[in-house]
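S.K.: Keeping their order, the protein sequence lines are chains C and D.
Its first residue numbered 1, the first sequence is counted upward by one per residue in the working numbering.
Its first residue numbered 1, the second sequence is counted upward by one per residue in the working numbering.
No lab work stands behind these hints: they were computed from the structure.
Nothing here was measured: the structure is a model prediction, and the numbers come from that model.
Ideal placement from N, C-alpha and C gives every residue a C-beta, glycine not left out.
Mixed in with the good hints, there may be bad ones.
Stated by the list, open to error - Listed next, the in silico BS3-like pairs over lysine-lysine satisfying Cα-Cα at most 27 Å (straight line):
hint : chain 1 : residue 1 : chain 2 : residue 2
1    : C       : Lys-9     : D       : Lys-110
2    : D       : Lys-110   : D       : Lys-42
3    : C       : Lys-9     : D       : Lys-42
What the hints assert, rightly or not - Incomplete in silico selection of chain C near chain D, CB under 10 Å:
hint : residue
4    : Met-41
5    : Leu-43
6    : Leu-45
7    : Tyr-64
8    : Arg-68
9    : Pro-75
10   : Ser-94
11   : Gly-101
12   : Phe-104
13   : Pro-106
14   : Gly-107
15   : Arg-109
16   : Thr-111
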Amino acid sequence: NAGVTQTPKFRILKIGQSMTLQCTQDMNHNYMYWYRQDPGMGLKLIYYSVGAGITDKGEVPNGYNVSRSTTEDFPLRLELAAPSQTSVYFCASSSGRPLSGQYFGPGTRLTVT
Amino acid sequence: QKEVEQNSGPLSVPEGAIASLNCTYSDRGSQSFFWYRQYSGKSPELIMSIYSNGDKEDGRFTAQLNKASQYVSLLIRDSQPSDSATYLCAVEGLLYGGSQGNLIFGKGTKLSVKP
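Let's have the full structure, built from the sequences with the hints guiding it.
M.R.: Right, dumping it as structure tokens:
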């Protein structure tokens, strides 16, 4: 199993541009998550999904959108990129069973200039 | 606001010593607790989970949970330079609509093991 994969690994965007961060998992997990991690600030939940067709906002959803058309894929869309969105983005998945935890992808390092 | 607090460190220990990492949480109803290790420039990796009060051992790692004191810790015995990383404490919470599986992360403690 590849686990959780993310593309791209790195990206530089200009202010106002848009892009989609891709996330795929092959563990048949129902739960998927998007986090951002800023230096010294820990992981902040952006959006999450409990299954195909179901998404919900996390702690910091403004400026982002998600969709979940399949169990495997959970793309994150950035519209009108701003410098405040410069961060490392992690996708994670979970079976949702007690004590199963979440499994993270390798991350996407995004810079908005 | 449900919170998870960790000392940011850095915590420096000599090779072979015991490293002790601590975490407190604010939600008394929390049931599941996790420790993640994150090497610089990499993603978090799950290393331990604990549900019951007391100790849980896995190799050189021991997780300790005290729900009455709302305190969870991670002990690393015989610390190695390869253990140098940031350790994130995470608590499972029913935030954002009550969905099981949501984790609240602390900011992490940076551990440095000196040869």
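S.K.: Indicate, hint by hint, whether the structure satisfies it.
M.R.: Verification of the hints:
| no. | hint | in the structure |
| --- | --- | --- |
| 1 | Lys-9/C - Lys-110/D | 24 Å, holds |
| 2 | Lys-110/D - Lys-42/D | 14 Å, holds |
| 3 | Lys-9/C - Lys-42/D | 11 Å, holds |
| 4 | Met-41 | 7 Å, holds |
| 5 | Leu-43 | 4 Å, holds |
| 6 | Leu-45 | 7 Å, holds |
| 7 | Tyr-64 | 14 Å, violated |
| 8 | Arg-68 | 13 Å, violated |
| 9 | Pro-75 | 18 Å, violated |
| 10 | Ser-94 | 5 Å, holds |
| 11 | Gly-101 | 4 Å, holds |
| 12 | Phe-104 | 4 Å, holds |
| 13 | Pro-106 | 5 Å, holds |
| 14 | Gly-107 | 5 Å, holds |
| 15 | Arg-109 | 9 Å, holds |
| 16 | Thr-111 | 15 Å, violated |
Hint violations for this structure: numbers 7, 8, 9 and 16, all remaining hints satisfied.
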